[in-house]
Every structure is written in C-alpha cells, then in structure tokens.
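Protein chains in written order, with numbering that gives the first Met the number 0: chain A, 0 to 141; chain B, 0 to 141.
Honestly, the hints are just simulated from the structure, not real lab data. Each hint should be verified, as a subset may be incorrect.
[To be verified] Facing chain A, from chain B, some residues (calculated, C-beta under 10 Å):
1) N42
2) Y45
3) Y96
4) V131
All residues carry an ideal CB built from backbone N, CA and C; glycine is no exception.
There are 2 protein chains.
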Amino acid sequence: MINNIGFIIITHSLLAEGLKNALFSIIGKKEKVVSIPINSEFNLEYLCNLLKQEIENLNCEYIIIFTDMLGGTPCNISLRICRDFSNVYIISGVNLYMLIYALNLKEQNEIKDINEYVEKIISEGKKSISNVKEVFNKKFFK
Amino acid sequence: MINNIGFIIITHSLLAEGLKNALFSIIGKKEKVVSIPINSEFNLEYLCNLLKQEIENLNCEYIIIFTDMLGGTPCNISLRICRDFSNVYIISGVNLYMLIYALNLKEQNEIKDINEYVEKIISEGKKSISNVKEVFNKKFFK
Numbered sequence: 000m001i002n003n004i005g006f007i008i009i010t011h012s013l014l015a016e017g018l019k020n021a022l023f024s025i026i027g028k029k030e031k032v033v034s035i036p037i038n039s040e041f042n043l044e045y046l047c048n049l050l051k052q053e054i055e056n057l058n059c060e061y062i063i064i065f066t067d068m069l070g071g072t073p074c075n076i077s078l079r080i081c082r083d084f085s086n087v088y089i090i091s092g093v094n095l096y097m098l099i100y101a102l103n104l105k106e107q108n109e110i111k112d113i114n115e116y117v118e119k120i121i122s123e124g125k126k127s128i129s130n131v132k133e134v135f136n137k138k139f140f141k
Numbered sequence: 000m001i002n003n004i005g006f007i008i009i010t011h012s013l014l015a016e017g018l019k020n021a022l023f024s025i026i027g028k029k030e031k032v033v034s035i036p037i038n039s040e041f042n043l044e045y046l047c048n049l050l051k052q053e054i055e056n057l058n059c060e061y062i063i064i065f066t067d068m069l070g071g072t073p074c075n076i077s078l079r080i081c082r083d084f085s086n087v088y089i090i091s092g093v094n095l096y097m098l099i100y101a102l103n104l105k106e107q108n109e110i111k112d113i114n115e116y117v118e119k120i121i122s123e124g125k126k127s128i129s130n131v132k133e134v135f136n137k138k139f140f141k
C-alpha cells in the first residue's frame, strides 16, 4: 500500500490556511499537510523557491498539491516547479470535502494505485458540489 | 434581469473568511457578500439566529448560500433556516472558482433565470476541479 504521501494546499491569500484550519477542525491535526498562502506582494521567484522548499521538507514518495483554480498564480507556480516530477500531482478547484476524503483514505491505508487515488479525489470533490435543497428533497420526499 | 442577489459563505472555522478574502483579492471588494465562520463553541440556536440575521440584513430578492459540505453543521443550519424560503438556494462543496463565476455573472447583469444561474454555478464549480498536469499536457502536447 502507498502511504508516504504529502499534501500541499496552495492558494490565493488566506484560503489555504482557512482550508487547513477547517480540515483539522473536523478530522484533527495531521502530519504532512502544508498550507502556502500566495500573496501578490511576493515575487514569482520567491514563491517558486518557497514551494520547492516545502516539497523537499515533506520528503515524501508522492506529493499532491491542491490549488484554487486553473490559470491562477498558485496553480502556475505549482506547474512550473512540478511539471517534470512524475511523483507530484496537482489538483485544481480544491474544496474541503476532497481534502477530508484524501486524508481519510490515506489514514485507512487503502491506496494501491496513486493515479486511481488522485482521480477518486477529483471525482469525490466534484460530487460534493450539489444543490442542497434538491438533494434533501429527493432524499426525504421522493 | 435579476440583479438583487446576496451571497452568504458559511463554513467550518476560518474557511469562509479565507474564501471571501481570496475572492476579493481577485475580483475586488463586492457588496452583499457575507462570510459566516461556524465555530463549535457556539450553540445551534445562536448560529441559526446569526444566519437569519444576516439574511435579513442582506435584504435581497434572492440569496445564495455557499457551504462547505453536505451534512456538516454549516449546511444543516442553512437547511434548517432556509428550507421553506423558495428564494434562498444552498450550494455545497464551495470552491473559489464558483464564487468568482457567480459574482462575475451577476456583475455582467446577465441573469435571466435564477434556477439556471444556480445550476450553472454548480456545473462551473465542478468543471474547475481538474488534474492540472493532464489539462496542461492535453493543451500543449496533443
């Protein structure tokens, strides 16, 4: 089983910290989860070095980077640094549920294939986006 | 066109504030966008009243509530308060891109049908979740 996976949440401003904060408030504090807030005050070179450093510090077999949106600076930095590292994955559109799902599956020690794992995180993230009242009405009134 | 729409972001801990913060850092500060952080220290009654108050303060024709995940306390509170208000919509699985999309469309004054608008926000939120390296490789090498 694959277990040595590190997670980096990299987003515009305080979102990364907010996600980590909410994540830990639900599943408890976890090791190897890093948040990087991207502030427009810093230059690209500095931010690239920061990300590189965090990847090195995690020292994991695989890294999954969660970023806010395709084409944004946090995503572009991730792509620039990790494009050629086949053990680093980048997922855009991060939401809380996909983080909980990813961490829970890792804890259960049930990851056999890293590509399948990444695809499952993406599909669970998408599934968690819903019209809540519709879901509720279908569940209780149909 | 429908324009009088208010937005409430309600999530576990600091995530709501992080989302609003990142949103405003990209599209600038906007009116009628409220964030409510849900802290487990507060009791349910207090939180329900808080949400009710914010909805009243917004004083909008329509309200869209963005919440982190189905079944979580922020989502349950929203459902409890707004189940019977046909002008209030609740979307779970909030991510940054769906907020940007929602606000941009409202600014462009192009919303004709509120149900279509909500469905479009949901589908754009889902679409924004992707395997970034795959998207990049398809775009540039295929």
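Hint check:
Contact between N42 of chain B and chain A, as hinted, is not supported at the beta carbon level, the nearest pair being about 17 Å apart and thus beyond 10 Å. The closest approach between the C-beta of Y45 of chain B and any C-beta of chain A is roughly 18 Å, which is over the 10 Å cut-off, so the hint fails. Satisfaction of the interface hint for Y96 of chain B is found here, the shortest Cβ-Cβ separation to chain A being roughly 5 Å, below the 10 Å cut-off. With its C-beta approaching chain A no nearer than about 4 Å, V131 of chain B sits inside the 10 Å limit, and its interface hint holds.
Consistency note: the structure conflicts with the earlier hints numbered 1 and 2.
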